Structure formats: structure tokens, C-alpha cells
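Asker: Take a look at the letters that make up each chain.
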Amino acid sequence: MLDPIVLFFLLGVLAGLSKSDLKIPAAIYEALSIYLLLAIGLKGGVELSRYPLGELLHSSAWVLAAGLAIPLIAYPVLRHLGRFGHHDAAAIAAHYGSVSVVTYSVAVAALGEAGIGHDGVMVIYLVLLEMPALLLGVVLARLGDAPAGGGGRLQALRQVHWGRLAHEVFLGKSILLLAGGLVIGYVAGEAGYAPIAPVFRDAFKGVLALFLLEMGLVAASRAGAFRTSGVFLLGFAIVMPLVAAAIGIATARQLGFSVGNAALLATLYASASYIAAPAAMRIAVPQANPALSIGASLGITFPFNLFVGIPIYLWMARTFIAG
Amino acid sequence: MLDPIVLFFLLGVLAGLSKSDLKIPAAIYEALSIYLLLAIGLKGGVELSRYPLGELLHSSAWVLAAGLAIPLIAYPVLRHLGRFGHHDAAAIAAHYGSVSVVTYSVAVAALGEAGIGHDGVMVIYLVLLEMPALLLGVVLARLGDAPAGGGGRLQALRQVHWGRLAHEVFLGKSILLLAGGLVIGYVAGEAGYAPIAPVFRDAFKGVLALFLLEMGLVAASRAGAFRTSGVFLLGFAIVMPLVAAAIGIATARQLGFSVGNAALLATLYASASYIAAPAAMRIAVPQANPALSIGASLGITFPFNLFVGIPIYLWMARTFIAG
Amino acid sequence: MLDPIVLFFLLGVLAGLSKSDLKIPAAIYEALSIYLLLAIGLKGGVELSRYPLGELLHSSAWVLAAGLAIPLIAYPVLRHLGRFGHHDAAAIAAHYGSVSVVTYSVAVAALGEAGIGHDGVMVIYLVLLEMPALLLGVVLARLGDAPAGGGGRLQALRQVHWGRLAHEVFLGKSILLLAGGLVIGYVAGEAGYAPIAPVFRDAFKGVLALFLLEMGLVAASRAGAFRTSGVFLLGFAIVMPLVAAAIGIATARQLGFSVGNAALLATLYASASYIAAPAAMRIAVPQANPALSIGASLGITFPFNLFVGIPIYLWMARTFIAG
Amino acid sequence: MARPAKLVTVYCEAVLEPLVIRELDRLGVVGYTVSDCRGRGQRGERGGQWRMSANVRIEVVCDPVTSERIAAALRPYEPDYGLLVVRGDVEVLN
Amino acid sequence: MARPAKLVTVYCEAVLEPLVIRELDRLGVVGYTVSDCRGRGQRGERGGQWRMSANVRIEVVCDPVTSERIAAALRPYEPDYGLLVVRGDVEVLN
Amino acid sequence: MARPAKLVTVYCEAVLEPLVIRELDRLGVVGYTVSDCRGRGQRGERGGQWRMSANVRIEVVCDPVTSERIAAALRPYEPDYGLLVVRGDVEVLN
Ligand SMILES: Nc1ncnc2c1ncn2[C@@H]1O[C@H](COP(=O)(O)O)[C@@H](O)[C@H]1O
Ligand SMILES: Nc1ncnc2c1ncn2[C@@H]1O[C@H](COP(=O)(O)O)[C@@H](O)[C@H]1O
Ligand SMILES: Nc1ncnc2c1ncn2[C@@H]1O[C@H](COP(=O)(O)O)[C@@H](O)[C@H]1O
Ligand code: NA
Ligand code: NA
Ligand code: NA
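Chains as they are written, first to last, in our numbering: chain A, 480 to 802; chain B, 480 to 802; chain C, 480 to 802; chain D, 22 to 115; chain E, 22 to 115; chain F, 22 to 115.
Hints are computed from structural coordinates only; laboratory data are not their basis. Take these hints with a grain of salt, some might be off.
[What the hints assert, rightly or not] With a straight-line cut-off of 30 Å between C-alpha atoms, the simulated DSS-like cross-links for lysine-lysine are:
#1 A:502 <-> B:502
#2 B:502 <-> C:502
#3 E:27 <-> D:27
#4 D:27 <-> F:27
#5 F:27 <-> E:27
#6 C:502 <-> A:502
[Stated by the list, open to error] Listed next, the stretches of chain C that the computed footprint assigns to chain F, with coverage defined by at least 3 CB atoms under 8 Å from CB atoms of chain F:
#7 495 to 505
#8 688 to 700
#9 761 to 773
Note that the structure is predicted; figures quoted are calculated from it, not measured. Note that CB positions come from ideal geometry on N, CA and C, so glycine has one too.
From just these sequences and the hints, can you work out the full model?
Answerer: This is the structure in C-alpha cells:
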């Protein structure tokens with residue numbers, strides 16, 4: 480049930496840990512991530528045109544609301560069980576509330592491998608879930624800064640540079656490319672998509688393989704940083720995705736999703752961001768130590784989802800969703 | 480009639496103007512432009528083998544001669560109506576006399592969209608038109624430097640480093656890759672082209688989309704520079720392409736071109752260079768302000784052609800050329 | 480019989496020698512070489528699953544042993560006939576003992592062009608032959624450092640940092656990507672390979688063309704360095720591949736290889752490394768002048784093989800191997 | 022001809038670049054040069070594999086007073102970001 | 022061991038690079054180092070998105086007389102091109 | 022506030038980078054910054070087209086004693102590799 484594509488990640492990790500001279504230039508990393516975001520957006524946009532928008536609107540509200548539960552669960556757990564400071568707890572919670580484009584793509588590949596269908600519009604949820612958790616993370620961090628009492632809290636929130644934050648989050652390249660691709664795909668439709676499909680559809684999985692190789696190299700470079708962060712974070716980075724996936728399955732069931740869609744929603748909830756979240760949190764909550772949040776999301780949760788999580792979420796969907 | 484591919488340009492402009500953190504690395508920009516130039520050359524070369532060369536030679540002389548009218552019209556207009564100095568007038572005239580590979584490619588896509596055929600050998604004209612206008616631009620600039628009287632003029636022209644200029648122009652990467660691709664495509668023929676076609680033909684439009692995204696980012700970074708150059712240049716950057724396109728249609732009619740070929744010739748004439756011309760003019764006429772010529776050609780004329788010009792030129796071809 | 484793809488190399492050489500402004504960014508060079516190595520490994524791995532491994536093991540021992548004859552012939556020739564110092568002789572011998580991935584790929588294309596089949600598992604030999612010659616080269620260099628007498632020699636070998644050398648050689652990106660691709664391809668099999676095949680199989684030849692363009696640029700930048708190294712090295716760089724190819728044909732005959740496989744083995748033996756070897760030798764035998772070894776392998780032998788060698792090796796295989 | 026000046030070099034995380042430029046804007050500093058780099062410091066290795074581990078070097082040629090102001094303006098970023106600010110003496114030759 | 026020298030740093034438009042190198046050739050300067058960068062100056066922002074807006078930094082370690090000659094050779098380019106030339110004192114350690 | 026220090030700049034072949042870093046490790050030097058560059062020197066032009074012709078610039082801000090040690094540690098590489106080590110005076114502003 481494991482797609483062989485995940486082996487590229489392992490190869491990257493091996494190269495990184497063994498200090499091989501294999502290096503993927505930063506310009507290529509940028510190009511690959513731009514491609515993946517655009518390609519996913521485009522595909523979602525093309526499929527959107529065939530979908531009843533009213534139904535989507537209704538589901539979206541639910542998916543968003545349930546999605547925000549994840550950072551709201553993660554924050555107190557990290558703060559009180561994990562004894563992290565409020566900055567770190569908020570930043571990590573934001574990473575886990577947001578989503579991972581690559582994890583989603585590997586799950587789509589795994590569905591294909593297993594012969595299970597899904598709706599392309601699931602990408603909408605990917606776009607929707609990317610950013611609210613980041614805003615919530617900033618709110619949690621600022622509330623933690625505030626002196627006790629409602630007045631102090633309100634003032635703390637007022638001190639956030641909301642404009643700059645919104646800019647950072649909504650005009651970050653992730654949202655811009657995903658949403659931009661969505662709109663272009665919607666406008667282009669099947670006919671307009673066809674001539675660019677050799678690049679944006681047929682090449683997708685091969686490029687994803689190259690990106691996973693690079694992710695492995697990056698994750699390996701994070702191994703050291705993680706070692707310092709202790710056993711609690713390791714456990715959190717494995718248990719949190721499972722809890723989030725369960726929330727995803729419950730939400731999917733509630734909304735009458737198909738097995739494939741349910742598995743993808745579970746995967747989205749379970750995935751942690753490492754493109755949009757790290758950059759946004761570094762600017763908005765600079766007091767948080769990025770080694771912790773990136774170490775957990777990229778160093779543990781990402782490979783866990785790739786190798787163990789996705790098969791579990793697929794099993795969960797098959798078991799708890801009526802075919 | 481608008482190809483959805485132009486939306487990628489809009490997305491790039493939006494990202495640039497909103498100061499998003501989306502950046503396409505310079506190395507990728509280079510790679511994409513190398514690819515586009517080579518791919519266009521190759522395609523033209525493959526088609527060249529099926530074409531009567533004698534006829535092509537005859538047309539080429541006409542196309543070149545009519546093409547040189549464009550900078551010769553543009554220069555006095557810019558100099559006297561626009562009150563530009565002779566360096567700036569000459570540099571801008573050179574940009575509009577030369578051609579844009581991407582505009583040409585989008586026009587080819589638009590023809591495809593509209594179900595109108597064209598000859599692949601039109602690429603020959605793209606190659607031919609790229610560089611004479613640049614030489615003419617340098618001549619105009621140097622003549623402007625000269626004291627009054629025929630003797631002064633001759634001496635001014637003698638002072639041009641013709642060797643270095645020819646090197647800059649003929650061995651610039653644009654000509655080298657277009658002409659190189661042409662020769663390789665011609666030698667390879669259909670059979671030799673087939674195994675590289677997945678990269679150079681099937682992927683063309685998708686890569687063009689990515690390049691347009693990048694062009695949008697670059698054009699947005701030019702917006703400020705353009706604001707200073709005033710209303711005259713804005714008008715010039717819109718009217719000049721229309722005039723040039725009319726010359727193109729007339730020339731095409733004269734040569735008995737098909738509707739598709741006529742639309743492409745009009746587009747070539749109407750397009751302004753921003754790969755070969757800026758680099759060559761910067762070296763050969765350093766006194767000219769590049770913000771003006773690049774602002775006009777890339778900031779105004781390029782998007783104008785994409786969104787408004789190409790549909791107009793297509794309409795012109797359909798109206799004035801006998802099907 | 481010449482594949483038109485080699486014309487891309489000529490175009491690159493032309494651009495380089497004429498000092499055109501065409502530059503392929505280093506990041507793109509890196510990306511292309513990573514792609515080629517991975518793609519070749521993957522393809523070999525997929526084909527490996529259909530092949531009797533026992534037979535392969537037996538052939539491999541022979542292929543390796545015969546392959547090591549090449550540096551052992553090259554070294555004394557360079558040392559005594561060419562009057563090179565032992566460091567340079569050892570480094571050059573190592574380059575010629577190792578193999579060139581691109582030369583191999585062009586030979587595969589030439590076989591396709593000529594309609595001659597071959598086994599994908601030949602890639603195994605490519606992987607196997609890449610590195611032992613490098614180790615041998617280091618041994619030869621160190622033995623040359625040693626004072627006369629067996630004891631001195633042993634001690635010289637003891638002084639080699641074998642661990643670091645093995646790291647450099649086995650975890651260099653060439654071996655890592657080739658071997659990694661091999662394993663992934665083997666595990667994935669045809670079914671797992673199919674979805675990434677548009678990138679790793681269909682695009683292969685087009686990307687190879689782009690890489691050859693870049694190789695031409697690099698080779699041109701080596702032209703000056705080579706001029707100083709004299710006529711002997713020029714002769715060596717042409718005769719050595721022919722001798723090596725002859726050893727390859729003899730070995731292939733001995734092992735009962737098909738015509739296509741024999742031509743590929745001859746090409747592997749005849750090819751000289753310029754990805755793995757230069758980097759490894761620069762670290763392990765720093766006293767050697769890289770201008771000599773790279774000038775010979777990349778400046779002479781590589782184009783010689785492309786344009787003259789491969790057709791000869793193909794002819795040799797056809798003549799001396801029973802169809 | 023040669024005019025003495027200070028060369029301030031800021032080594033910092035790539036994500037900090039826009040914030041540093043904003044501080045330069047506030048101080049009215051027009052000229053600067055940025056280049057991409059990687060490195061290591063108190064906060065560990067930053068290998069440049071991706072944006073989160075990339076560094077930049079920002080160079081500003083300016084007068085001594087401005088150089089002090091730049092240093093002061095960047096001080097608040099120090100506790101939270103990888104940052105090194107050094108200053109040397111140069112002459113401007115044009 | 023340590024030999025005093027001048028470090029001349031030229032910040033300029035990327036298209037100017039071959040012209041600067043040609044001037045160095047004329048002056049008989051063998052050694053130099055070039056790196057790609059972006060920046061801002063009197064002529065606005067040069068963000069490095071494409072070659073026309075890219076900058077380079079050219080560093081030359083040389084003796085004081087040569088440094089003067091380099092500055093003089095580059096002066097003619099100043100009116101037409103984005104260009105900044107600075108000089109500092111260094112010691113060559115090898 | 023401003024603390025005097027030395028800025029050691031090592032220009033060398035890209036393949037030498039890991040070896041230089043290893044020497045820094047041995048000397049207990051924590052901080053350094055690396056950037057990619059190209060150039061020309063006694064050993065001809067290194068145009069940066071591929072790794073074998075790429076250069077790097079390694080900068081280390083350190084105290085005078087360490088700067089001497091770095092120079093000494095790199096001396097053995099000099100005969101076999103393209104390498105230039107220079108040192109200048111800077112002040113650390115943070
Ligand atoms: N002593 C140093 N010399 C040169 N660069 C340094 C030094 N210390 C830090 N850096 C650079 O500044 C960045 C951030 O440093 P730090 O905050 O100490 O981790 C590093 O990644 C290096 O690029
Ligand atoms: N004061 C400065 N400090 C550092 N770099 C500068 C400065 N002024 C200009 N530059 C660099 O030189 C380039 C050209 O400058 P300019 O001609 O003033 O536009 C700029 O794009 C910057 O990279
Ligand atoms: N005088 C110099 N000024 C600046 N950089 C230099 C100088 N000499 C050498 N380099 C750099 O050091 C590298 C190796 O120099 P070399 O060993 O002399 O070939 C060159 O490729 C340049 O990048
Ligand atoms: Na999540
Ligand atoms: Na034109
Ligand atoms: Na060989």
C-alpha cells in the first residue's frame with residue numbers, strides 16, 4: 480500500500496545523514512515547490528467547475544471549524560503536558576493546524592495505488608486549511624504575552640500588526656500559488672488545461688519524487704536540531720497526527736464524504752505545514768524556536784505520515800466510512 | 480479567444496505588486512528562457528525541411544525590409560513628438576523593431592485555440608527580425624551623436640565598435656539558441672525530433688505558462704520605473720504595436736500569406752523585444768535609460784499584446800486576408 | 480548513425496568558444512546531472528527485476544576485472560611514454576578507468592537509432608565500474624609517493640585516509656543516485672515506475688540534449704587548459720578509448736553478450752569520467768593537476784566518443800560479436 | 022577623490038531580509054547590496070538548502086553616524102534572530 | 022608573513038561585468054572574484070529577478086597603485102551605469 | 022559597544038570547502054559564512070559553470086589569535102589548491 484515514491488525521501492535522508500556531497504540547489508527547491516503548488520491548484524480548479532458550489536460552501540464551513548480544533552487541542556497539551564513556553568507552544572500548534580501540500584500529494588498517490596477514487600475539489604480544503612491556523616497561532620502567542628485579565632488580553636491582541644500578518648499569510652507564496660492555480664484552472668477548464676497538462680499533470684508525480692528527495696535532504700539536516708527537543712515532542716509529533724486524523728474521519732462521516740475524500744481529509748488534518756507555517760511564524764512569533772516546530776513537523780510528522788500515517792488513515796476511512 | 484495561459488502573467492503581476500514573497504530564482508528564469516528559445520528554434524527547424532526554400536528567401540527579404548520600417552517610424556516619433564533624447568529614442572526604437580519570443584508563442588497558442596493553421600517556418604522570421612533593428616538602433620544613436628553635416632555622420636558611424644557590437648548581437652544567447660535550434664531541428668528532421676519531442680514540444684506550453692508567471696513578476700517590478708516616464712510613452716507603447724501590426728498585415732497580404740501566417744507576422748512586428756534588446760542596448764548605447772525602453776516594452780506593450788493586441792491582430796488577419 | 484542529439488554538444492562548444500553570453504546556471508547543471516543519474520538508475524532497476532541475478536553476478540566479476548585493466552595499462556603509458564609525474568599519471572588513469580554516464584546514454588540513444596536492442600541491466604556495470612578505478616588511482620598515486628622497497632610501499636598505502644576516501648567515493652552523488660535509483664526502480668517495478676515515467680523515461684532524451692549543451696559550454700571553457708598539455712595527452716585521449724573498447728568487445732565476447740550489450744560495454748570501458756572522478760581525485764590526490772585529467776577526459780575523449788568512438792564501437796560489436 | 026566611509030555588513034537569516042530593508046528605509050538609507058549565503062553560528066548550521074535555512078549578507082556603504090543608527094535599529098532583532106553585524110573602514114572611489 | 026594589500030570591491034550591474042573584466046585585463050590584473058547579488062542605489066532597486074536587474078560584486082586584492090588604476094579605469098562607466106567602487110585595507114595571509 | 026575583531030576571508034575552490042570547514046572545526050571556530058562565487062587567479066579562470074570550476078568565499082569574524090591560527094591551518098593546502106586568504110579589521114556591532 481506504500482507508494483514507491485516515498486523511497487525517494489528515504490534516499491534523501493540517507494544522503495543527508497551520510498554527509499554525501501549530494502546537494503539540491505536552493506533555486507531548484509524553490510522551483511519544485513512553486514511547480515507543486517501551482518499544479519495542485521490548477522488540478523483542483525479544473526475539477527471545481529464540475530462540482531456543485533453550494534454543497535462545497537456548506538462542507539467548507541464544517542471542515543474549517545473542525546480543523547481549528549487541532550491547534551486548540553495542541554496548544555494546551557504542549558503548554559501544560561510538554562511544559563513549552565507559550566511562544567513555542569503556539570508556533571508548534573500553528574504548524575499542526577496548517578497543512579502539508581506534499582503529504583496531501585502522497586496521499587492522493589496512495590489512493591491511486593489502492594484504486595480508490597476521490598474528488599479533485601478536496602484541494603479547496605487544502606487551500607482553506609492552510610492559513611487560519613497560522614492566524615490562530617499568532618493569537619495564542621499574543622494572549623500568552625498578555626498580563627492576566629480580559630483587558631490585558633484585548634490589548635495584547637491589539638498590538639499584533641494584523642495588516643502585516645495578513646499580508647504575510649494571505650500573500651505568502653503557498654496561498655498565492657494554490658489559490659491562483661485554482662482560479663486559472665477554473666477559468667481554463669478541461670479544454671484550456673489540456674495543452675499544459677503534460678507539464679502540470681503528467682509530470683506531477685515525477686516532480687513530486689524529486690521534491691521528496693530534496694525533502695529528505697532537508698529533513699536529515701534537521702535531525703540534529705531535533706535531538707535536543709526531547710522525547711515529549713517526539714511523542715507529540717506522532718500522536719497528534721493520529722488524533723487529528725480521527726477528527727478528520729469524524730468530520731468526513733458527518734459530511735457524508737466518500738472513502739477517498741475521508742482519507743484525504745484525515746491526511747490534511749494529520750499533516751503539519753513546513754512551507755507556509757515556518758516562514759509566517761518566524762516573522763509573527765520570532766520568540767519561538769524554529770528548530771522545535773520545524774524539527775517536529777518536518778523531521779518526525781512528515782516521514783511518519785508518509786510511511787505509517789497515510790496507510791492508517793486509509794484504513795480508518797475504509798473502516799469507518801460507508802463505501 | 481484569450482488563451483487561459485495569459486492568466487499566469489496576471490498571477491505574476493498580482494504577486495509582484497502585492498509584494499508577495501513569491502520569487503522565481505534567477506537561475507530558473509535563465510533556464511526557462513533557454514528552453515523556450517531552443518524549443519522554438521527546433522520546431523521551426525523541423526518544419527523547415529518540408530518547405531520550399533526559394534520562396535522563403537524571397538519573402539524574407541520583404542519581411543525584413545518592411546520590419547525595418549518600424550524603428551524608422553518609431554525614432555522620429557519618439558524624438559520629436561515625445562521629445563526624448565536621441566539615445567533614448569534610438570534604444571526604444573530598437574526594442575520595438577526587434578521581436579518578442581514569448582509574444583510570438585502566445586500568438587501561436589491563440590491560433591491553436593481559434594483553430595487556425597500556420598506554418599512552422601514563421602520562426603525563420605522571428606530569427607531574422609530579432610537583430611537588424613538592434614543594429615539600426617545603434618546607428619540612429621550614433622548619428623544623433625554626430626555634429627551636423629555628412630562628414631560628421633560618417634565619422635560617428637566609424638567610431639562604433641562594429642566588431643564588438645556584431646558579437647553582442649549575433650552571439651547573444653537569443654540568436655544563438657534560436658538559430659542553433661533551427662539548424663539542429665533541420666538536421667534532425669521529424670525522426671530525430673521525435674525522441675526529444677516530449678520535452679521540447681509537449682512540455683512547451685506548460686513551460687511557457689511558468690515563464691509568463693515569471694514575466695509577470697518582472698513586469699510588476701518595472702511598474703514604478705514606468706510611472707516616471709509619462710503619458711506619451713504609455714500611448715506610444717500601445718499605438719506603436721497597432722501601427723506595426725498594420726504594416727505586418729499589409730506585408731503579409733503582399734506576400735500572399737495565409738490568415739494564420741499573417742496574424743503571426745503582425746504579432747512579430749507588433750511585439751517588442753525584452754530579452755535580446757535590453758542587453759544589447761545597455762552595452763551599445765549606455766547613455767539610454769533602460770527604465771524607459773524596458774518599462775515600455777515589458778511593462779506596457781507586452782501585456783497589451785497578450786490581452787488586447789493578439790486578438791486584434793487575429794481579427795485584422797481574418798478581415799484583410801483572403802482565407 | 481550519429482544521433483542528432485550530439486549537435487547540442489556542438490552548439491554548446493560554439494557558444495563557449497565564441498564567448499557568447501549564453502550561460503547555463505550552475506544550479507541547472509546540478510539539477511540536470513541529478514536527474515540523469517537518477518533516471519538511469521531507475522531504468523536499470525526496473526529492468527533488473529526481470530533478469531536472472533546469478534548470471535549477472537558471474538558477468539559482473541569478469542566485467543570488473545577486465546575494467547581494472549584499463550587504469551593499469553594507462554598508468555605506465557602515461558608515466559613512462561608520456562613522462563607525467565606519478566600523481567598526474569594516477570589521476571588520469573583513474574578518470575579513464577571510471578565511466579561516463581552521458582557517454583553511456585548517448586550510446587544507448589545510438590543503439591535505438593540503429594534499431595539494435597540491449598539489456599537495461601547494463602546500467603549495473605555502469606554503477607560497478609564507476610568507482611573501483613578511483614580507488615586504484617589513489618593506490619597508484621600513493622605507491623608512487625613511496626620510497627623504493629616493499630616496506631615503504633605498504634607504509635605509503637597505510638597513510639591513505641581510507642575511510643575518508645571510501646566516503647568520498649561511495650557516497651559521492653554519482654554512486655548514491657545511480658545505486659539509489661537502481662534500488663527504487665527494483666522495488667517499484669513496472670507498476671510503480673509507470674506514474675513517474677513521464678518525467679524519468681519520456682523526458683530523458685530531451686534533458687540529455689540540454690545537458691549536452693551545457694557539457695559543450697564546459698568543454699569549451701577547458702579548451703585553453705588543454706592547449707598547454709601537449710600532443711601526447713591528445714593522442715592518449717583518443718587511442719586509450721579505442722584500446723579500452725577493444726578490451727570491452729573481447730570481454731563481451733567471452734561472456735556471450737549480444738551485439739547491443741557488447742557495444743555498450745565497449746562504450747563504458749572507452750568512456751572517461753568527468754563527474755565522479757574529478758571531484759574524488761581533487762580531494763584524494765590533490766597534487767595532480769586537474770587541468771590535465773579534465774582536459775583530456777572532457778575536452779578530448781568525451782567529444783571523440785560522441786562523434787567518432789560510439790559509431791566505431793558499434794561497428795566493432797557488429798563485426799566481432801555473433802548476432 | 023577617495024572619500025572615507027563605513028561598510029556595514031549584516032549577516033542574517035533570509036527571512037529577516039525584508040525586515041532589515043524596512044529598517045534601512047526608515048533610516049533613509051538608499052543604497053545596499055544583498056547576496057545569498059549559508060553559514061554557521063551560535064544557532065547552529067544554516068546550510069541554505071531551503072529558505073528557512075538560508076542566510077543573506079546585506080552590505081551598506083554609509084557614513085559613520087548612519088552605521089551607528091543601523092546597528093541600533095537592528096539590535097531589537099538580536100535576541101530572536103540569527104544576526105551578526107560588523108563594520109569596517111573603506112574609501113569610496115567613485 | 023602577512024603582506025598588506027588593498028581590497029577593491031566593485032558593485033555594479035551584471036551587464037557591466039565583462040566590461041569591468043576587460044579593464045582588469047588591460048591593467049594586467051590577474052586575480053579577481055565575482056559573486057552575484059542584488060541591491061538598491063541611486064538608480065533604484067535591482068532585485069535580481071533577471072539579468073537586466075541583477076548586480077555583481079567584483080573583488081580584487083591588489084597593491085595600492087593598482088587599486089588607484091582600477092578606480093580610474095572604471096570612472097568613465099560611472100555616468101551611464103550603476104556602479105559603486107570601494108576600497109579597504111587587508112593583509113594577505115598566504 | 023563595538024568590539025574590535027578580525028574578518029578572515031578565504032577564497033578557494035568549491036571542492037575545498039568541506040576541508041576548510043573541518044579545519045575551522047578543529048580550531049573550535051563556530052561562526053562562518055559561505056557564499057558561492059567565481060573568479061580568476063594564478064591557476065586560471067574558474068567560471069563557476071560546474072562544481073569543478075566553482076569557487077567559494079568563506080568569511081570568519083574572529084579574534085586576532087584565531088585569525089592567525091586559521092591562516093596557519095590553511096597553509097598546507099596552498100601548494101595544491103587555488104586559495105587566497107586575506108584579513109581585515111572590523112568592529113562587531115552586536
Ligand atoms: N563569527 C562569524 N563569522 C562569520 N559569520 C558568522 C559568524 N557568526 C555568525 N555568522 C553568520 O551569521 C549567521 C547567524 O549567526 P548565529 O545567529 O550566531 O547563528 C550564521 O549562520 C553565519 O552565516
Ligand atoms: N551605499 C551602498 N551600499 C552598498 N551597495 C550599494 C550602495 N549604493 C549602491 N550600491 C550597489 O550598487 C548598485 C548600483 O548602484 P546605483 O548606481 O547607485 O544604483 C546597487 O544596485 C547596489 O547593489
Ligand atoms: N587577487 C585576487 N583578488 C581577488 N580574488 C582572487 C585573487 N587571486 C585569486 N583570487 C580568487 O581565488 C581563486 C583561486 O586563486 P588561484 O589559486 O590564484 O587561482 C580565484 O579563482 C579567485 O576567485
Ligand atoms: Na494539520
Ligand atoms: Na517588433
Ligand atoms: Na572507462
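Asker: Any hints this thing doesn't respect? Which numbers, in order?
Answerer: Every hint satisfied by this model.
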